[in-house]
Amino acid sequence: MPGATYATTPEPLVVRLAGRGDQRAFEELVRRRQSRVRNLMRRLSRDTSLADDLAQQVFIRVWRTIAQLQDPLRFPGWLKRLAVNVWLQHHRKLDALAAGEAIEDHDRPVHDSVGTAIDIDHALALLPAPVRLCLVLSYHAEMSHAEIADATALPLGTVKSHIRRGTERLETLLAAYANGASKEAMS
Amino acid sequence: MSEKRHPNLERLFAAADRELAGEEFVALVMQRTTALRRRKLAAVLVAALLAVPVTWLAAGPFVEALLSVTQALLRPLAGSGQGITSPAVLPMNTVGGALALAALAVRAAVRRLFSRGG
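Those sequence lines, one after another, are chains A and B. According to the working numbering, the first sequence is numbered sequentially starting from 1. According to the working numbering, the second sequence is numbered sequentially starting from 1.
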């Protein structure tokens with residue numbers, strides 16, 4: 001099995017070896033972290049194939065720049081920031097953040113748009129991109145508000161506001177879905 | 001606003017965060033990194049191949065230019081004279097020596113200026 005040599009090796013050592021160009025160590029890192037990065041991208045993106053493509057881009061960037069990482073213990077945070085940057089670059093291309101979407105633009109009941117297949121990804125997809133980003137980094141990546149502000153280059157006040165408004169909106173969306181689902185179950 | 005997270009949303013996010021099978025994904029990433037390594041290696045080889053004729057063509061003019069600069073730097077500023085002090089001042093009595101002294105003076109002045117404030 002490729003990469004089996006490093007399966008039990010502590011991550012900081014694997015990071016250091018990957019930084020020195022060891023391809024098998026890098027492969028082990030991808031194996032260990034792929035699920036986390038892909039899940040993050042799935043929460044941020046609207047479809048799984050795009051999420052996987054962005055996750056691949058994240059790991060390609062890791063391969064190119066891991067030699068610059070001085071402290072291997074900082075790898076998890078560094079990887080998160082890299083993932084956020086890849087996602088932001090993708091969205092800048094689409095001009096999604098600059099569009100300044102308002103939450104109200106998406107003010108519609110969830111069960112009308114996505115039916116019973118609603119889940120958290122669909123609910124998140126109804127939020128504007130910057131709000132979604134802040135919410136996912138807070139709840140999924142478990143980053144503090146200051147860390148989010150740092151990673152996204154958004155002002156701290158904006159991050160707090162996005163998380164507060166996004167939480168409220170997501171609760172409403174998911175409650176609307178729960179009501180819709182229970183009515184369907186009763187009928 | 002406090003950083004306390006909403007428990008219901010925390011639960012939902014945790015439930016959505018399932019372990020994804022990764023072998024296919026890992027294989028795709030490794031394919032792309034292998035292609036990158038090959039492309040980088042090819043670029044290095046092309047650069048090395050180009051460097052050989054460029055070096056061969058540029059070596060003559062480069063050595064000539066280097067010799068001209070060296071000769072210009074060693075040119076005496078004033079007549080060497082016949083006195084006993086002549087050999088002693090000879091290293092300073094050149095364009096290169098004057099330039100070196102000027103550079104040292106500028107460096108000392110800069111250090112003095114910028115170390116005054118702390």
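Mixed in with the good hints there might be a few duds.
With a cut-off of at most 16 Å between alpha-carbon atoms, the simulated EDC-like pairs for lysine to aspartate or glutamate come out as follows [said to hold, decoys possible]:
1. B:K4 / A:E168
2. B:K4 / A:E142
3. A:K80 / A:E168
4. A:K160 / B:E3
5. B:K4 / A:D47
Just so you know, these hints were derived from the structure itself, not from any lab.
Original post:
Honestly, which of those hints from before does the structure not fit?
Top reply: Hints 3 and 5 are the ones this structure does not satisfy, whereas the remaining hints hold.
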